[in-house]
Amino acid sequence: MSAEDLEKYETEMELQLYREYRDVVGLFSYVIETERRFYLANDYQIEVRNSTDGEVFFELILRDAWVWDMFRPARFVKNVRVVTFKDINVEELTKAEL
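Quick note on the working numbering: the sequence shown kicks off at 94 and runs consecutively.
Among the clues, some could well be false.
As the list claims (entries may be wrong) - Label pairs and their computed distance ranges (CB to CB):
| # | residue 1 | residue 2 | range |
| --- | --- | --- | --- |
| 1 | Phe169 | Glu107 | 16 to 24 Å |
| 2 | Ala96 | Phe178 | 33 to 41 Å |
| 3 | Phe169 | Glu148 | 29 to 37 Å |
| 4 | Glu184 | Phe150 | 15 to 23 Å |
Hints are computed from structural coordinates only; laboratory data are not their basis.
Ideal Cβ placement from N, Cα and C applies to all residues, glycine included.
Assemble the whole structure, with the sequences as input and the hints as a guide.
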């Protein structure tokens, strides 16, 4: 497989992922972004924790979620647990009027 073929494949996968996102975003209440992933979820919880050496980290629990990751075979997940020392951004989505 050439570099050009690989780039074309990745572009197609990203386009397919975007289309899936566009189709499912209306099913979720929150957009949650970490340093490694982008999630859609209907419920979340963030806990601030302290490590044994005094560093602060965050534990993020998501329920009923969708993961933006083109290499995952299944992007819908029932529960997700993320532990991070980085920022977590949460945005509540507005539901479109019927």
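> Which of the listed hints are broken here?
Replying inline: No hint contradicted; all consistent.
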